[in-house]
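Can you make the complete structure from the sequences, with help from the hints?
Number of protein chains: 2
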Amino acid sequence: MADTMFKKVAFIGIGLIGSSMARRMKADGLADEIVCCARSEATRAKALELGIVSQAVENPAAAVYGADLVVIATPIGSYGTIAEAIAPVLKADTIVTDVGSVKQAVVDAVGAHLPSVKNFVPGHPIAGTEHSGPESGFPELFEQRWTILTPTEDTDPAATERVTALWRAMGAMVDHMTPSHHDMVLAITSHLPHLIAYTIVGTATDLEDDLRQEVIKYSASGFRDFTRIAASDPVMWRDIFLNNKEATLEILQRFSEDLTTLQRAIRRGEGDALETLFARTRKIRRGIIDANQAD
Amino acid sequence: MADTMFKKVAFIGIGLIGSSMARRMKADGLADEIVCCARSEATRAKALELGIVSQAVENPAAAVYGADLVVIATPIGSYGTIAEAIAPVLKADTIVTDVGSVKQAVVDAVGAHLPSVKNFVPGHPIAGTEHSGPESGFPELFEQRWTILTPTEDTDPAATERVTALWRAMGAMVDHMTPSHHDMVLAITSHLPHLIAYTIVGTATDLEDDLRQEVIKYSASGFRDFTRIAASDPVMWRDIFLNNKEATLEILQRFSEDLTTLQRAIRRGEGDALETLFARTRKIRRGIIDANQAD
Chain A
1 MADTMFKKVA FIGIGLIGSS MARRMKADGL ADEIVCCARS EATRAKALEL
51 GIVSQAVENP AAAVYGADLV VIATPIGSYG TIAEAIAPVL KADTIVTDVG
101 SVKQAVVDAV GAHLPSVKNF VPGHPIAGTE HSGPESGFPE LFEQRWTILT
151 PTEDTDPAAT ERVTALWRAM GAMVDHMTPS HHDMVLAITS HLPHLIAYTI
201 VGTATDLEDD LRQEVIKYSA SGFRDFTRIA ASDPVMWRDI FLNNKEATLE
251 ILQRFSEDLT TLQRAIRRGE GDALETLFAR TRKIRRGIID ANQAD
Chain B
1 MADTMFKKVA FIGIGLIGSS MARRMKADGL ADEIVCCARS EATRAKALEL
51 GIVSQAVENP AAAVYGADLV VIATPIGSYG TIAEAIAPVL KADTIVTDVG
101 SVKQAVVDAV GAHLPSVKNF VPGHPIAGTE HSGPESGFPE LFEQRWTILT
151 PTEDTDPAAT ERVTALWRAM GAMVDHMTPS HHDMVLAITS HLPHLIAYTI
201 VGTATDLEDD LRQEVIKYSA SGFRDFTRIA ASDPVMWRDI FLNNKEATLE
251 ILQRFSEDLT TLQRAIRRGE GDALETLFAR TRKIRRGIID ANQAD
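So the protein lines, in turn, are chains A and B.
As numbered in this note's numbering, residues 1 to 295 make up the first sequence, in order.
As numbered in this note's numbering, residues 1 to 295 make up the second sequence, in order.
These aren't lab readings, by the way, just hints derived from the structure by calculation.
Wrong hints could be hidden among the right ones.
Cβ pair distances, simulated, as ranges [as the list claims (entries may be wrong)]: (1) A:G111 / B:A273: 24 to 34 Å; (2) A:T260 / B:E41: 18 to 28 Å; (3) A:T129 / B:D272: 19 to 29 Å; (4) B:T178 / A:R286: 31 to 41 Å; (5) A:E135 / B:Q144: 23 to 33 Å; (6) B:A92 / A:R286: 46 to 56 Å; (7) B:A169 / A:T129: 33 to 43 Å; (8) A:D175 / B:R264: 32 to 42 Å; (9) B:Q213 / A:A169: 19 to 29 Å; (10) B:E250 / A:G51: 48 to 58 Å; (11) A:M173 / B:Q144: 33 to 43 Å.
Ideal placement from N, C-alpha and C gives every residue a C-beta, glycine not left out.
Pasting the structure below:
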């Protein structure tokens, strides 16, 4: 057998992200053994049936026993409880990482329980779909997408290096930054867009019945993109907003001011102001296309 | 030669929508002759070079001379001037239609100039991309997408029938409704989403340089979809907001109230309220998938 990167990998949570990682690790022989922990019986059965793990248990401590890599891939709100449960079972050299969309709160919640934070490498793959559950994962999810790792001052560089190598082996491009900087960047690129999408689809949900039916029928004109974003996992997103409150509220404040400016321009019929505002946003799109993050 | 639907079709404006219609008409032999009018020399040259029209002129009256169908496909703000220019040249039975994203203002602006409104059939294909110009069009653009026609009480049903048949021949599904109802539905499905997308991408444009670069780099997490919407034609969208002011401002007001509710729930850390709000929006997505308007 060729050298694998890890002997035993334990996933705590086996949804879209966890199952995609597990599939890729299995496909590319990156781990000798892959197990998972999931709270729901149905999820455990599905993960076993799909053949992406060799064992699926309910107890986090049982899953991580003997593991040299633990991947926490549940909604962020459960991290503290999980860290507390697995801490006594971790080996001295077990690396712990995660895939949560918020990083400073995760560092605080997990760090409070681990026997040592030097082997904790917080991570966030910038990849996903609006689907959830182990059946939604696929091994190419991270291909040519960024994964951000946010090691702290206490993190052992050797642990960061091993997790970086793992993500590269799964096809991702890897960047490192501080947890708080990550949270500000993601507040703009992800958390605010999701908040807005949830809001606008919610506004449509409250319409009178017949109007709502027509909104669904004619959704191809822009609204459809928002409904895809707003179909993302509710519990995951609840936890993101609860755990990245400051950055989200700050960027939301800027957004609201800008929206008020546009609203006033429409009310006053200021065509030149509208055209100027609409023209300058094309540049950012061009930047994204140049950066190969759009088709 | 088989029976064509129209002998001479004149496009006023030959951008994404006009050129897609012209390409489809040519491909399927729906017209004997297709000409266009465009203000810019470059656009006329491109339309001729692409072979989608047999003639391209600068003067709207010259283009519509002898036409039995005129399609106005320019930004809405120019409709009044165009209607005034072509009115003296129209034959008594020339059908005039348009593809504008707002309908009541169009009915008013065009109706004020036409010798008779009985052959004016206002229309709006719910299809498009973020690209503009004659080179962006393609004949399948309307395939399996809705086109809404908004005939008024004065419109001759026979004219509506011919325009309906044309859209069906171009692959579209056709619905009829009143102009003002159209404007309310589109304010929700299209105008508000575009306004929001322009705003959020504008907010990102104002960020400090280094943060903006990172937003571009990590755009795959939601923001990217907004930049695509916000890359749409600025003049077209300026005119849409100026001409659908009331409906847009009304739905924007509802949206702002809903956003404030979410903002308060985040600030207060009300997890249950957030989860409830996020969970109910999935239903609308399911409705859209069932309606075959999403992949």
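Hints versus structure:
1. A:G111 / B:A273: 24 to 34 Å: At 29 Å between Cβs, range holds.
2. A:T260 / B:E41: 18 to 28 Å: violated, 40 Å
3. A:T129 / B:D272: 19 to 29 Å: About 26 Å separates the Cβ atoms of T129 of chain A and D272 of chain B, which means 19 to 29 Å holds.
4. B:T178 / A:R286: 31 to 41 Å: Since the Cβ atoms of T178 of chain B and R286 of chain A sit about 39 Å apart, the hinted range of 31 to 41 Å holds.
5. A:E135 / B:Q144: 23 to 33 Å: holds, 28 Å
6. B:A92 / A:R286: 46 to 56 Å: holds, 48 Å
7. B:A169 / A:T129: 33 to 43 Å: holds, 36 Å
8. A:D175 / B:R264: 32 to 42 Å: At roughly 34 Å between Cβ atoms, R264 of chain B and D175 of chain A fall inside 32 to 42 Å, so the hint holds.
9. B:Q213 / A:A169: 19 to 29 Å: Hint holds: Cβ distance 27 Å, inside 19 to 29 Å.
10. B:E250 / A:G51: 48 to 58 Å: holds, 53 Å
11. A:M173 / B:Q144: 33 to 43 Å: Since M173 of chain A and Q144 of chain B have Cβ atoms about 36 Å apart, the given range 33 to 43 Å holds.
Hint compliance for this structure: hint 2 is the single one not met.
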